[in-house]
Amino acid sequence: MKYPYRRYAVLRSDGGTEVRTIYRPLVPVRIVGSSGTVEVLGLLDTGADTTILPWFLVQELGISVASDNRWRLRGVGNQVVSVSSGRVELQMGRGRSSLHWSAEVGFIQERTVAVLGHAGFLEHFRVVFDGLRHEVTLQPNTSLPR
Amino acid sequence: MSEPRLPQIVPVDCAGKWLAWTADALSIAGVGDTPAEAKAAAKRAGVTETVIEWVPPADESFIGVRA
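Protein sequence lines correspond, in order, to chains A and B. Going left to right, the first sequence walks through residues 1 to 146 as our numbering numbers them. Going left to right, the second sequence walks through residues 1001 to 1067 as our numbering numbers them.
Think of the hints as simulated: they come from the structure by calculation, not from any bench. It should be emphasised that the depicted structure is a prediction, and the values quoted were computed from it without experimental measurement. Virtual Cβ for every residue (Gly too), placed ideally from N, Cα, C. Be careful, since some hints might not be right.
Said to hold, decoys possible - Ranges between beta-carbon positions, derived for each pair:
#, chain 1, residue 1, chain 2, residue 2, range
1, A, Arg74, B, Arg1044, 38 to 46 Å
2, B, Leu1026, A, Ile22, 15 to 23 Å
3, B, Ala1045, A, Val128, 34 to 42 Å
4, B, Ala1036, A, Ser98, 24 to 32 Å
5, A, Arg74, B, Gly1016, 21 to 29 Å
6, A, Ser82, B, Ser1061, 17 to 25 Å
7, B, Ser1061, A, Asp130, 16 to 24 Å
8, A, Gly36, B, Ala1045, 31 to 39 Å
Claimed, not checked - Pulled from the structure, derived: some chain A residues nowhere near chain B, Cβ distances all over 12 Å:
#, residue
9, Arg6
10, Tyr8
11, Leu11
12, Val27
13, Pro28
14, Ser34
15, Thr112
16, Phe125
17, Arg126
18, Glu135
Chain A on its own, in the form it takes in the complex (with noise of 0.2 Å):
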């Protein structure tokens, strides 16, 4: 599976007003809850432990998550952020092509980009960044059911 690098047209972030387009790897991505399927736009980050996903996904899916286990995140600058966990069905492709396996997550309540991380994404693939060309490559490994 082949999917452009998305381009987004954004300000110099010390404070300049020039306007350039960057790239990040993000992909789509289908979240299957208990009342429906929702298909979000995920970030590959590689430097990711775990997969996090926005919390409107446990409102509209009817996911349950565990209250009594949330997950610490730290990440640049030391800032630690508590998730909740659930489990989910994650799905990607379509037809005779499609792949889909269950993983735990972390919710979190902020407004967040989904990060697809390690644990319950990155692991199911080999992954090929190409940077030159701006489209990231996906191919599932012998973890994923056939």
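Once you have looked at the hints, place chain B on chain A.
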């Protein structure tokens, strides 16, 4: 052989917003302050099957989960 279509560039004024993309994730169909608002805007534009994304602020470099 034709090149695959590229997704629309996300404009600066969509930063900090929720987007509802068309089902092929190539075009922005709706924008809102919540996922529901973005989906409702897409629906008003005639798009019912959407792909949802939150866009980080345009003047900050993004490095992962936003605390």
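Query raised in the report: Cβ-Cβ distance between Ala1036/B and Ser98/A: within 24 to 32 Å?
Result: holds, 27 Å
**Report entry** Status of the given 34 to 42 Å range, CB of Val128/A versus CB of Ala1045/B
**Finding:** holds, 35 Å
**Report entry** Non-interface claim for Arg126/A, where every Cβ of chain B lies beyond 12 Å
**Finding:** holds, 21 Å
Query - Consistency of the no-contact label for Pro28/A, given chain B and a CB cut of 12 Å - result: violated, 5 Å
Query raised in the report: For Val27/A, is the shortest beta carbon distance to chain B beyond 12 Å?
Result: Violated, since 9 Å does not exceed 12 Å.
Query - Interface-negative label, Arg6/A against chain B, beta-carbon threshold 12 Å - result: violated, 5 Å
Query raised in the report: Regarding Arg74/A and Arg1044/B, is the given constraint of 38 to 46 Å on their beta-carbon distance met?
Result: holds, 41 Å
**Report entry** Whether the CB-CB distance between Leu1026/B and Ile22/A falls inside 15 to 23 Å
**Finding:** Given a distance of about 18 Å, which is inside 15 to 23 Å, the answer is holds.
Report task. Run the C-beta distances from Leu11/A to all of chain B and say if the shortest one exceeds 12 Å. Result -> Since the minimum Cβ distance to chain B is about 4 Å, Leu11/A lies within 12 Å and the statement is violated.
Query raised in the report: Taking C-beta pairs only, is Thr112/A more than 12 Å away from all of chain B?
Result: Given a closest Cβ separation of 5 Å, the condition is violated.
Report task. Say whether it holds or is violated: Glu135/A keeps its Cβ farther than 12 Å from all Cβ of chain B. Result -> Violated: least Cβ distance 9 Å, not greater than 12 Å.
Query raised in the report: Are Gly36/A and Ala1045/B spaced within 31 to 39 Å by their CB atoms?
Result: Given range 31 to 39 Å: violated, Cβ gap about 21 Å.
Checked against the numbered hints above, the structure breaks hints 8, 9, 10, 11, 12, 13, 15, 18 and satisfies the rest.
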